[in-house]
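A.B. asks: What follows is the residue order along each chain.
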Amino acid sequence: MTNLPLLSLLIGLPLLGALVLGLGQLKEQARSIAIGLSTLQLVLLVYIYSAFDTTSGLFQFNETHNWFSISLGSMGQFMSKYTLGVDGLSISLLLLTGLITWVALWNSTDIKEKIGGYYALVLLLNASIMGCFMAKDLFLFYVFFEFMLLPMYFLIGIWGGPRRNYASLKFFIYTLVGSLLILIVMLGMGVAYVDPYETALLNGLIRPEQGFNVEALKTVQQLIQSQELATSSLVHSFDMQALADYNNCQITSILHISSGWQLAGMSAREWGFWLLFIGFAIKLPMVPLHTWLPDAHVEAPTPISVLLAGVLLKIGAYGWLRITIPFFQAEAIESANILAGLGALSIVYGAYNALAMTDLKKLVAYSSVSHMGFVLIGIAAFTAEGWQGAIFQTISHGVLSALLFLMVGVLYSRTGNREIDSYSGLVTLMPRFTVISGIAIFASLGLPGFSGFIGEFFSLMGAFTSSFVHPGIAVFGALGLLLGAGYLLWTFQKIYLGKPYLKNADWSLPDLTKLELLSLFGLGIISILLGVYPGLLFELSDKFVTGLLK
Amino acid sequence: MGLNLLFLGVLLLPWASALLVALFPKPLFSISLSAVFSIAALYFCTTAPVDFKIAYPWFNLGGQSLNASFWANASAQLVLGLVALVSFCVQLFSKSYLKDDHSIGRYYVYLHLFVGSMTLLLLTDSILIFYGAWELVGACSYLLISFWHQKTAAIQAAKKAFLINRLGDIALLFGLIALGLHFNTWQFSAMHGIAPALIGIAIIAGGMAKSAQFPLMSWLPDAMEGPTPASALIHAATMVAAGVFVGVRVFDITGPETHLFMGIIGAISFLAGAVFAIFQNDIKKTLAYSTISQLGLMWMGMGSDASLFHLLTHGIFKAGLFLAAGAVIHTVHSQSLNDMGGLRKKAPIAALAYLIFGAGLMGLPLTGGFYSKENIAGYLYTSGHVELLVVLALGMVLTSFYISRQFYLIFMGPLKEGSPKKDFSLETPIRLLIIASFFIWISVNPLEMHENTLISIYHIPSFWLYITAATWVLGIAGAYVTRNWIPAGNYQFLPRFWPSLFRFIRWKSRSAQVFETQFIDRFVNGIAALQVIVAHLSAWFDRHIVDGILVGGGAGLSASTGRILSRWQSAKVQSYWAMIIVTFALFLLYALFIK
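Line by line, the protein sequences are chains A and B.
According to the working numbering, the first sequence is numbered sequentially starting from 1.
According to the working numbering, the second sequence is numbered sequentially starting from 1001.
In short, the hints are calculated from the structure, not lab data.
You may find that some hints are simply not true.
What the hints assert, rightly or not - As a list, the in silico PhoX-like pairs of lysine-lysine whose alpha-carbon atoms are at most 20 Å apart: (1) A/K494 <-> B/K1285; (2) A/K218 <-> A/K499; (3) A/K218 <-> A/K112; (4) A/K499 <-> B/K1151; (5) A/K550 <-> A/K494; (6) B/K1285 <-> B/K1151.
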């Protein structure tokens, strides 16, 4: 089994499915094919998880193939590789993606039109997200990142609600702007940085079978820094590891610290940091770049909302931890207070907006903004607690937001109405649904014993104990705990407790179906499991965090 | 090894019970599980050494390992014993109290969850778990208050309780993290020295909400919307005492400023609670205000062993009072004192219980309450807070007054209505608590306590005993004298004799109550309303400004750019020619002159 290109399979399986479903006219079998492939993918993921070595901080299950290389004449060579790998940061996100896709596919029973296309697009989305989380080459990452837009655009635009055109276009443009910012930095860095390994190979400093060690790396970097190698013999690449090492930066480039280049009072490195930061902040989404999210969520069908909140938003956090922070760590630390402040703002502002919503789905969407703010405040801490908390919160929110959106979907699929005022006293009509919704709501407001608590606690604690962040910011962010409890309990009380009332007496509200029960209950169990034994996740990302902190 | 296993059992049994009862919702099953827990917990408390510590590996974070560590010191063991005893009595009592309720299974699940969280809170040594358990007991309180979910008042009260507690939780959260940072350890047992005053005050402020102390007290009377036995367990005996327990936990590592802060807040609550208790005509609300008052008394002990001791005795007699009140409510089907009277013959056990537990509340000799109250006085005397001693004496008069008044109104005088039933399980738990509150458990000498290893004794000169006796006489006599003049809920007795005094007292008590229920409540409601207004403003802002500028502005910009650019594409050959010529001319100019 180890000889198989496992990671390529993770992308290939859904891609194959998308191809088959997209080309073939399979209506009846579409659902089972999609779920079957997703199950297979999940099995593969579980195998990878069980074989994953948590004591190593390196990438595992690596796959590398040369992709293309262009000669730039006097500037040397440009090359990009198809390299995949899994490390402590991506393994948990991969598992989350596999799981949430699987759940979303199961809960797609309300999709009745153009079934083949729908499942094909979901699989396509899954493939590109998987690729995003595994790519070790920035160019490859960018390709997957951009590609994600396409299926999402159509999924909202075709199967969405009444304002789907507006919402899908808004989503598309917002995300496109974000990826443009990333593209600018990517190209700039590709030119400025040198890939030491490939350069050494090209110049005959090492032989291919020799491998690369720290000594050799240092030698090459010294050669780069002292400009002893002719520029025409340099190899540029988009390898993330090479880009994350400042010693690979050419002394003549504007991204070098000695360059006096400035634009609007900011150096090139600062520009690079902020562009990358904002590029991913749109995805997270961070206030004030979040307004595409409520629209997209409200218009998207339930399983797509689940995917959007459960997985897609996580790429923003992943991008920061994988790209923005390692590439520009010094700049990030300098702006730690601003980052934490933006995080706290997202928490409080998102919570306030959630409090004002009358549409249940919008409320959940704004709660996503609020909860993802904890991720930013944790990242800004630059402490092990903060980063672990941020990663934990990312995964935890993936599970809990899926749970909440499924909860909204249960009501919406029965009545076609999402207004909070339309319901009251559901506990007498749907007792099982109330129990599970209660669990979802208490888990989301950060009750101990559930995963949300661990994520929020360690994010806040990281920020509070950080030497880069003013503790007042963490205290301000903690207001979100109070507001969160406010809007969630208010919702719970309005919809579930009290005297039974339905706006339309004709509505029939049967209690949960087996499928709904299992999905909701399963996600709830995962949240409790992570909340009681957070080591499950901390252990995975431990080496990644300590490696990044150094 | 056996002890460790027993400990694990005590820790996990309530959670397992909750799960089992959720699957098999039978009251008797739940009561037996509760009995097993109580016996195990009491056995553990009697056999474990006073400094029992144990740690289980939990997880690693950033290279350091966080253990799930536990520390059953003397105070934790004593309170655990109280929880075990009271929770069993409440389980037993609930069976007949809620026998007509079809969702009694859910109620029992909540009770087990609460006991599990409370046990965790008492036994843990880790700051993280302590904070977690602290929030969990609050959530259980939410669930139990809103148990009758069709009562609007109940769900409002539950939400209010949870939110006010969350407010305190935030102070506690940062207080605890700062405490951990200051001592560079996440375990209470490893902290030595004195933490800065600000940290201590933050932690105590966290306890303020949980113990319903001034000014965060208004949620507790509202919380009486929940079932009475649950009120006995969590809103009288144990959960609200968590605020005192946290003070006890940090007593040795906080300085005099923190202690004084705690004492002053306690003193205000002690008096305010007692005054409000006098003017209630709802039997449960009287007891709720009495709980606030008594918790204030514990806070006046400033977290010392005196606080802890009063926590224990109060836990027993207040739970007893609540259960007796529950029996009375069950008998007359009303919570209003106006519907009660002369019940001593019809509900003798309840009357006896009220008498004994009321004596405990007053701190009459032969009850546990006597020693604990003396101990607090002793602590205040030895630590030099004489001004608080005066408050204590004043509060004791009020306490004696309101509890004797209540006793007269409920049990003495002519019988009003109702046909009480004999119910074994309503009375057995009350009997158990009567035995527990008996003085012999604490000392054989009714006026002086033995030295012991668990709780330190603070002595006070004998002059205090005369003052104490005077407060009893004043309180009881006052209540006796005014007994016939006070139709409950109606204070018309005074204006007949002394109108100006009546107006003054009414104004005073009203303004105090206005301050409490109107001002503070309004304030809290106002803040909540303000939040909602801010929320709507920010939603508007989000829709029109953030979205407007980013989306509308972006779209407008591209549209106008497009409009301008599209003018150039006029499809007239002449204009294209003109553009080509101009461009070429500019290019030529550049090449010739500038380069």
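A.B. asks: Now tell me, hint by hint, if it's right for this structure.
C.D. replies: The hints, checked one at a time:
no., hint, in the structure
1, A/K494 <-> B/K1285, "violated (26 Å)"
2, A/K218 <-> A/K499, "violated (72 Å)"
3, A/K218 <-> A/K112, "violated (60 Å)"
4, A/K499 <-> B/K1151, "holds (8 Å)"
5, A/K550 <-> A/K494, "violated (49 Å)"
6, B/K1285 <-> B/K1151, "holds (17 Å)"
The structure shown violates the earlier hints numbered 1, 2, 3 and 5.
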